[in-house]
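Student: Residues per chain are reported as follows:
Number of protein chains: 2
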Amino acid sequence: MSFYIGLLHYPVYNKRGEIIVSAITNLDLHDLARLAKTYKASRLYVINPLIDQQDLAKRICRHWVSGYGAKYNKDRQKAMSLISVVPTLEASMAEIKDIEGETPILVATDAGKAKKQKVNYKLAREIIASNRVVMILFGTAWGIAKELIRKADYLLEPIFGVSNYNHLSVRTAAAITLDRLFSQSARS
Amino acid sequence: MSFYIGLLHYPVYNKRGEIIVSAITNLDLHDLARLAKTYKASRLYVINPLIDQQDLAKRICRHWVSGYGAKYNKDRQKAMSLISVVPTLEASMAEIKDIEGETPILVATDAGKAKKQKVNYKLAREIIASNRVVMILFGTAWGIAKELIRKADYLLEPIFGVSNYNHLSVRTAAAITLDRLFSQSARS
Numbered sequence: 001m002s003f004y005i006g007l008l009h010y011p012v013y014n015k016r017g018e019i020i021v022s023a024i025t026n027l028d029l030h031d032l033a034r035l036a037k038t039y040k041a042s043r044l045y046v047i048n049p050l051i052d053q054q055d056l057a058k059r060i061c062r063h064w065v066s067g068y069g070a071k072y073n074k075d076r077q078k079a080m081s082l083i084s085v086v087p088t089l090e091a092s093m094a095e096i097k098d099i100e101g102e103t104p105i106l107v108a109t110d111a112g113k114a115k116k117q118k119v120n121y122k123l124a125r126e127i128i129a130s131n132r133v134v135m136i137l138f139g140t141a142w143g144i145a146k147e148l149i150r151k152a153d154y155l156l157e158p159i160f161g162v163s164n165y166n167h168l169s170v171r172t173a174a175a176i177t178l179d180r181l182f183s184q185s186a187r188s
Numbered sequence: 001m002s003f004y005i006g007l008l009h010y011p012v013y014n015k016r017g018e019i020i021v022s023a024i025t026n027l028d029l030h031d032l033a034r035l036a037k038t039y040k041a042s043r044l045y046v047i048n049p050l051i052d053q054q055d056l057a058k059r060i061c062r063h064w065v066s067g068y069g070a071k072y073n074k075d076r077q078k079a080m081s082l083i084s085v086v087p088t089l090e091a092s093m094a095e096i097k098d099i100e101g102e103t104p105i106l107v108a109t110d111a112g113k114a115k116k117q118k119v120n121y122k123l124a125r126e127i128i129a130s131n132r133v134v135m136i137l138f139g140t141a142w143g144i145a146k147e148l149i150r151k152a153d154y155l156l157e158p159i160f161g162v163s164n165y166n167h168l169s170v171r172t173a174a175a176i177t178l179d180r181l182f183s184q185s186a187r188s
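Each protein sequence line maps, in turn, to chains A and B. First residue of the first sequence: 1, per my numbering; consecutive thereafter. First residue of the second sequence: 1, per my numbering; consecutive thereafter.
Calculated from the structure, these hints are not laboratory results. Among these hints, one or two may not hold up.
Note: identical chains are not told apart, hence a pair may lie in one copy or across any two.
Unchecked claim - Here are the computed lysine to any residue pairs in the SDA-like style, where the Cα-Cα straight-line distance is at most 25 Å: (1) K116 - R62; (2) K74 - E157; (3) K116 - Y154; (4) K40 - S183; (5) K15 - K97; (6) K113 - H30; (7) K74 - N164; (8) K78 - N164; (9) K74 - Y13; (10) K74 - K115; (11) K15 - N73; (12) K78 - T25; (13) K78 - E157; (14) K74 - N14; (15) K146 - V65; (16) K71 - D98; (17) K78 - S163; (18) K78 - K97; (19) K146 - I128; (20) K122 - H30; (21) K74 - H167; (22) K78 - L27; (23) K146 - L56; (24) K40 - Q77; (25) K122 - Q184; (26) K146 - E90; (27) K122 - R62.
Kindly produce the complete structure, drawing on both the sequences and the hints.
Tutor: Right, dumping it as structure tokens:
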């Protein structure tokens, strides 16, 4: 079983429900790369169509993978070296197909606005256990555009903790999702 | 059952294993407050002995609780209003005792260096289910000082995902810990 993580900056919504390109957030790259390493994702795709934003993300990665950061913190180097910066989701899916020899199953995540039928975590774990290659997509800003969610193979159910408040950051939502999907010992 | 979260900035370790006061990180406050709201924590204590750091944390909170941020994002207001800024762990424990009429059980978290006997998540959930008041303490920087961990009632086992890499941010580690401890549906 191999899986990939996508961090999507376009197409996503802003607060007013308009489609935007969101900005690269430094801590998103660090937190998601460290999660990717913890849960053995094959790669983390940082998806942003803007050249200057790609350059920013690449510069951050270079610092930690081959620059001063690599000497400063070897653990961080291992995590950040999992990042690939790509312009589109399609580019990441094509790269995964090249690597794996099959098109990955696209699993989108959403905090609850999307109307598409959702799969629960139990079913999602069964899909993963079926040995297919999976791409799990997390949206930044106010979430993944519904046109893209419609094209996904599956939409994962939103995270509800104890309350009906579900306004988590993409960093913490990704942490919970990956732990629920992949951790063997989460409930033991 | 009521529980509290502590985000500790002193005493914690730096990279060289020296005891330091760590700096307030804006996104830590946001991410942990949103988690506190999601999992129904009674309060989030931001613990830092430095007056200027307390002032910074309070200014961030004011912006979101009663300033422009409160109008801009009501969901964020609800989360950020759970934050109390205090100088010491003892101050937070005393405040909880005042509110609850009992001293909370102190559950510390650590990525694995501490030698103290650890409790697994199953046992930790049983402790929580026993209806005692609980304070769950997360360390910033390179983790909670061992002198303080020794004084805790329990030390929670480190988070291991799939690999033996366990270098998560406090934001994502807190997300996983709270979901494992409190979510009803994490495995359904």
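Student: Compare the structure with each hint and give your call.
Tutor: Right, here's what the structure says about each hint:
When the C-alpha separation of K116 and R62 is checked against a cutoff of 25 Å, the pair qualifies neither within a copy, at 38 Å, nor between copies, at 38 Å. When the C-alpha separation of K74 and E157 is checked against a cutoff of 25 Å, the pair qualifies only between copies, where the shortest distance is 23 Å, while the shortest distance within a copy is 35 Å. Taking identical chains as interchangeable, the C-alpha atoms of K116 and Y154 lie at most 25 Å apart only when both belong to the same chain, with a minimum of 9 Å there against 43 Å between chains. Taking CA atoms no more than 25 Å apart as the test, K40 paired with S183 passes in both settings, with 10 Å inside one copy and 23 Å between copies.
With identical chains, the CA atoms of K15 and K97 are never at most 25 Å apart, being 34 Å at best within one copy and 40 Å at best between copies. In this assembly of identical chains, the alpha carbons of K113 and H30 lie at most 25 Å apart only when taken from different copies (22 Å versus 27 Å within one copy). In this assembly of identical chains, K74 and N164 lie within 25 Å of each other by CA distance solely across copies; the values are 15 Å between and 39 Å within a copy. In this assembly of identical chains, K78 and N164 lie within 25 Å of each other by CA distance solely across copies; the values are 12 Å between and 36 Å within a copy.
Proximity of K74 and Y13 under a CA criterion of 25 Å is satisfied inter-copy only: 18 Å between copies versus 36 Å inside one chain copy. Taking the shortest alpha-carbon separations for K74 and K115, only the inter-copy value of 23 Å comes in at or below 25 Å, while the best intra-copy value is 43 Å. Only between protomers do K15 and N73 lie at most 25 Å apart by alpha-carbon distance; the minimum there is 9 Å, versus 36 Å within a single protomer. When the C-alpha separation of K78 and T25 is checked against a cutoff of 25 Å, the pair qualifies both within a copy, at 19 Å, and between copies, at 23 Å.
Taking the shortest alpha-carbon separations for K78 and E157, only the inter-copy value of 23 Å comes in at or below 25 Å, while the best intra-copy value is 31 Å. In this assembly of identical chains, the alpha carbons of K74 and N14 lie at most 25 Å apart only when taken from different copies (15 Å versus 36 Å within one copy). Taking the shortest alpha-carbon separations for K146 and V65, neither the intra-copy value of 35 Å nor the inter-copy value of 31 Å comes in at or below 25 Å. Proximity of K71 to D98 under the C-alpha cut-off of 25 Å is found in neither arrangement, the shortest distances being 32 Å within a copy and 48 Å between copies.
Taking identical chains as interchangeable, the C-alpha atoms of K78 and S163 lie at most 25 Å apart only when they sit on different chains, with a minimum of 12 Å there against 36 Å within one chain. In this homomeric assembly, K78 and K97 come within 25 Å of each other (Cα to Cα) only inside a single copy, at 24 Å, whereas the closest approach across copies is 43 Å. Taking CA atoms no more than 25 Å apart as the test, K146 paired with I128 passes inside one copy only; the shortest distance there is 23 Å, against 39 Å between copies. Taking CA atoms no more than 25 Å apart as the test, K122 paired with H30 passes in neither setting, with 28 Å inside one copy and 29 Å between copies.
Proximity of K74 and H167 under a CA criterion of 25 Å is satisfied inter-copy only: 11 Å between copies versus 33 Å inside one chain copy. In the homo-oligomer, the alpha carbons of K78 and L27 lie at most 25 Å apart both inside one protomer (16 Å) and across protomers (23 Å), since each shortest distance falls under that limit. In this assembly of identical chains, the alpha carbons of K146 and L56 never lie at most 25 Å apart, being 27 Å within a copy and 38 Å across copies at closest. When the C-alpha separation of K40 and Q77 is checked against a cutoff of 25 Å, the pair qualifies only within one copy, where the shortest distance is 15 Å, while the shortest distance between copies is 35 Å.
Proximity of K122 to Q184 under the C-alpha cut-off of 25 Å is found in both arrangements, the shortest distances being 13 Å within a copy and 13 Å between copies. For a Cα distance limit of 25 Å, the shortest separation of K146 from E90 inside one copy, 16 Å, qualifies, whereas the shortest one across copies, 48 Å, does not. In this homomeric assembly, K122 and R62 never come within 25 Å of each other (Cα to Cα): the closest approach is 38 Å inside a single copy and 41 Å across copies.
In this structure, the hints that do not hold are numbers 1, 5, 15, 16, 20, 23 and 27, in rising order.
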